[in-house]
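Residue numbers (the numbering used here), protein chains in the order written: chain F, 5 to 397; chain E, 5 to 397.
A couple of the hints might just be wrong.
Put simply, identical chains are the same to the list, so a pair is met inside one copy or across any two.
[Said to hold, decoys possible] Below, in silico cross-link-like pairs of lysine-lysine (DSSO-like), each with a Cα-Cα straight-line distance of 30 Å or less:
id: 1; residue 1: Lys27; residue 2: Lys256
id: 2; residue 1: Lys260; residue 2: Lys302
id: 3; residue 1: Lys53; residue 2: Lys66
id: 4; residue 1: Lys395; residue 2: Lys128
id: 5; residue 1: Lys299; residue 2: Lys339
id: 6; residue 1: Lys168; residue 2: Lys351
id: 7; residue 1: Lys388; residue 2: Lys347
id: 8; residue 1: Lys123; residue 2: Lys8
id: 9; residue 1: Lys15; residue 2: Lys123
In short, the hints are calculated from the structure, not lab data.
For clarity, every value in this text was computed on a predicted model and none was experimentally measured.
2 protein chains.
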Amino acid sequence: MFEKYFSKRIKNTPSSFIREILKVTQKPEIISFAGGLPNPISFPQEELKVSMNNISQKYGSKIYQYSTTLGLDILREYIVERYKKIWNMDITIENVIITTGSQQALDLIGKTFINEGDKVLVEKPSYLGLLQSFCMYSAEFIQTKLNDDGLDIEELKENIKKHKPKLAYLIPNFQNPTGLTYTKENRQKVFETIKDEDILLIQDDPYGELRFTDDERLPYIGLNQTEKNIYLGSFSKIVTPGMRLGYVIANKEIIKMLETAKQASDLHSNIFGQYLIADYLQNNDLDKHIEKIKKLYKSQAKSMTDAMEEYFPKNIKFTYPKGGMFTWVTLPEGKSSVKLFEKAIAKNVAFVPGDPFYVNEHDVNTLRLNYTNSDESAIKEGIKRLSESIKEI
Amino acid sequence: MFEKYFSKRIKNTPSSFIREILKVTQKPEIISFAGGLPNPISFPQEELKVSMNNISQKYGSKIYQYSTTLGLDILREYIVERYKKIWNMDITIENVIITTGSQQALDLIGKTFINEGDKVLVEKPSYLGLLQSFCMYSAEFIQTKLNDDGLDIEELKENIKKHKPKLAYLIPNFQNPTGLTYTKENRQKVFETIKDEDILLIQDDPYGELRFTDDERLPYIGLNQTEKNIYLGSFSKIVTPGMRLGYVIANKEIIKMLETAKQASDLHSNIFGQYLIADYLQNNDLDKHIEKIKKLYKSQAKSMTDAMEEYFPKNIKFTYPKGGMFTWVTLPEGKSSVKLFEKAIAKNVAFVPGDPFYVNEHDVNTLRLNYTNSDESAIKEGIKRLSESIKEI
Numbered sequence: 005m006f007e008k009y010f011s012k013r014i015k016n017t018p019s020s021f022i023r024e025i026l027k028v029t030q031k032p033e034i035i036s037f038a039g040g041l042p043n044p045i046s047f048p049q050e051e052l053k054v055s056m057n058n059i060s061q062k063y064g065s066k067i068y069q070y071s072t073t074l075g076l077d078i079l080r081e082y083i084v085e086r087y088k089k090i091w092n093m094d095i096t097i098e099n100v101i102i103t104t105g106s107q108q109a110l111d112l113i114g115k116t117f118i119n120e121g122d123k124v125l126v127e128k129p130s131y132l133g134l135l136q137s138f139c140m141y142s143a144e145f146i147q148t149k150l151n152d153d154g155l156d157i158e159e160l161k162e163n164i165k166k167h168k169p170k171l172a173y174l175i176p177n178f179q180n181p182t183g184l185t186y187t188k189e190n191r192q193k194v195f196e197t198i199k200d201e202d203i204l205l206i207q208d209d210p211y212g213e214l215r216f217t218d219d220e221r222l223p224y225i226g227l228n229q230t231e232k233n234i235y236l237g238s239f240s241k242i243v244t245p246g247m248r249l250g251y252v253i254a255n256k257e258i259i260k261m262l263e264t265a266k267q268a269s270d271l272h273s274n275i276f277g278q279y280l281i282a283d284y285l286q287n288n289d290l291d292k293h294i295e296k297i298k299k300l301y302k303s304q305a306k307s308m309t310d311a312m313e314e315y316f317p318k319n320i321k322f323t324y325p326k327g328g329m330f331t332w333v334t335l336p337e338g339k340s341s342v343k344l345f346e347k348a349i350a351k352n353v354a355f356v357p358g359d360p361f362y363v364n365e366h367d368v369n370t371l372r373l374n375y376t377n378s379d380e381s382a383i384k385e386g387i388k389r390l391s392e393s394i395k396e397i
Numbered sequence: 005m006f007e008k009y010f011s012k013r014i015k016n017t018p019s020s021f022i023r024e025i026l027k028v029t030q031k032p033e034i035i036s037f038a039g040g041l042p043n044p045i046s047f048p049q050e051e052l053k054v055s056m057n058n059i060s061q062k063y064g065s066k067i068y069q070y071s072t073t074l075g076l077d078i079l080r081e082y083i084v085e086r087y088k089k090i091w092n093m094d095i096t097i098e099n100v101i102i103t104t105g106s107q108q109a110l111d112l113i114g115k116t117f118i119n120e121g122d123k124v125l126v127e128k129p130s131y132l133g134l135l136q137s138f139c140m141y142s143a144e145f146i147q148t149k150l151n152d153d154g155l156d157i158e159e160l161k162e163n164i165k166k167h168k169p170k171l172a173y174l175i176p177n178f179q180n181p182t183g184l185t186y187t188k189e190n191r192q193k194v195f196e197t198i199k200d201e202d203i204l205l206i207q208d209d210p211y212g213e214l215r216f217t218d219d220e221r222l223p224y225i226g227l228n229q230t231e232k233n234i235y236l237g238s239f240s241k242i243v244t245p246g247m248r249l250g251y252v253i254a255n256k257e258i259i260k261m262l263e264t265a266k267q268a269s270d271l272h273s274n275i276f277g278q279y280l281i282a283d284y285l286q287n288n289d290l291d292k293h294i295e296k297i298k299k300l301y302k303s304q305a306k307s308m309t310d311a312m313e314e315y316f317p318k319n320i321k322f323t324y325p326k327g328g329m330f331t332w333v334t335l336p337e338g339k340s341s342v343k344l345f346e347k348a349i350a351k352n353v354a355f356v357p358g359d360p361f362y363v364n365e366h367d368v369n370t371l372r373l374n375y376t377n378s379d380e381s382a383i384k385e386g387i388k389r390l391s392e393s394i395k396e397i
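With the hints as constraints, model all of the structure from the sequences given.
Here's what the structure looks like:
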């Protein structure tokens, strides 16, 4: 009955397939590889309880009052210090805005930069939350193939030449959905390709800290070499997602505009959560905590790839993640992961079919598996059932 | 340097005058009537600390994990029960979505309904956060005069006939910025005027619970008589604003679309805050708490109107609020409240000039004063200084 009132943008938004999946997967009998949930045993619950008492005593009513749009200074300062230390970035808190999770960072970037029909270069496949978010601003997506070593440079060059994108959105570390990481060489080539173009490069990095292997930590594309980079970070995967706290690091002029966009969007992010996380970070060793999470996820990832090696037919390809939360499975040409989903759900196993990670492609032969939110026996059993489902399609 | 990248919408957003004001007013020597901050002594800090322990024990890691976009069921249930009890509304939790403050509700409504150039009927003056928010979706505003008894019905009729607005946005209780409340008769006339039109009516009600006087609580416009009403509520003014928790009550079909918009905007609101407020509400008597706030604000409002009666020149008009957080001052014709602001700030008193509450009007002769965040002696002193400033313009 309200159809005539709805905006074009909301009617064009990709279907709620994922949301429907997640509803199904909440049934207790389901082994779910569908979500992107951190393992709850990784939340520093005791430390956060201590921080609750600290901030109540230290800041009184301020933890409950309205606050500034840019976010809490002490939290922004922590971020500045961390990025200075790790990446030698030349930034101050004026380069940082706190967002209501990274998802809001995407929304604010959409608001701030995208006019109807503006071209945005994304990976193929890309993060579905980005596709959904920028769809709200009627962006036109240009997908560029992701290879095992990173972005396909030839396709990137062609796409830039042909489409002149205004923004590029990349996830160079342990990408969602594929789990792939760009090599150092590929990063360099991507930077060489775009550096003289009128392109703002957004690098979303929720998983970068979660590298299992002893390989070196790879620098961002064009790190410290351009003002046209926008960096997205998040506390969701390394402390707690429920607080919805992410951030953007960029040139001050960009941060100022994002501030205007944020004021119109939610005034500011939950200030209690900002004080809480800031106090936690001030009083605990984040790197030590991250080590624990990495150990946990490394072992869960291994359980999954081991089980896939054991049970999957030999014509099924999958990625071996070096970090992050996902592995990406490729079925033989012509097979549909949506059909597989139907078979799998009948056996009480869930995952996310590849479709929503592509622009205008359907019945693709790829799918995303999450390993961080199931224990090792559930992973083994789930993969076993999934391999049986594969034989049925 | 980034000018060429910014979107039309962000470049068209009203100036950051208010934000600049609020930055000035953070200096400790300033008596500020500028913000819209609740009095921090009204926050139930001890009870919230108890609830923190409760939820940690009761829900464990769930208070830190990702959650559903619509919001926490027990919080939505509380809202349903309250609106059933007070207003006899026939609703279920499917009619409710939790938002990151009411400001996000405005953003989601903009996303969900507004195509470029769609007409939105608003009060004159209207809430500046709404103007800013809908500006992001390139709405065209139709302002309709607000009188002492509510909306100007003749102008309303003319505007509907001439402009055919898709949405109307009204604040019938203790309006921001004027502090005015629509009479029962005016509400009825507004409903009669719009009920057969293709207009969705948004009623934003952050202050409705804060009625100081013994007058009866007035029903929403068209309450229980139409599916085309959208109700906005908030915990900011009755529990704590820092948690950023508001909600929308509407037809299920509308809530479903708002859910899609919210997923693209921030996935979900801070879940810790939702558990915390839900536990607080379950274990405390909200109405008793609201009584305390009302008593406090009534006395603060009286201090301000008393001081204005004592100090202001007789040609200055102001409203006598029956609730809420603001009074609205009208200077003599031709005087500019922006000029007054400059004089007042030199005497360390701040307020919000009327300009940002109007569409395309400048140097207006009205201004907003907030009384909830200053103690009674500061109110008296501030009004005294303001009256001296008035003599200088």
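So, going through the hints one by one against the coordinates:
1. Lys27 to Lys256: between (40 Å within a copy, 17 Å between copies)
2. Lys260 to Lys302: neither (39 Å within a copy, 38 Å between copies)
3. Lys53 to Lys66: So Lys53 and Lys66 pass the 30 Å test inside a copy (18 Å) and across (14 Å) alike.
4. Lys395 to Lys128: Cα proximity of Lys395 and Lys128: one copy only (27 Å, versus 66 Å across).
5. Lys299 to Lys339: neither (35 Å within a copy, 68 Å between copies)
6. Lys168 to Lys351: Neither way: Lys168 and Lys351 sit 46 Å apart in one copy and 54 Å across, limit 30 Å.
7. Lys388 to Lys347: So Lys388 and Lys347 pass the 30 Å test inside one copy only (13 Å; across, 76 Å).
8. Lys123 to Lys8: both (28 Å within a copy, 14 Å between copies)
9. Lys15 to Lys123: Result: close both inside a copy and across copies, 20 Å intra and 19 Å inter.
When each numbered hint is compared with the structure, violations occur for hints 2, 5 and 6.
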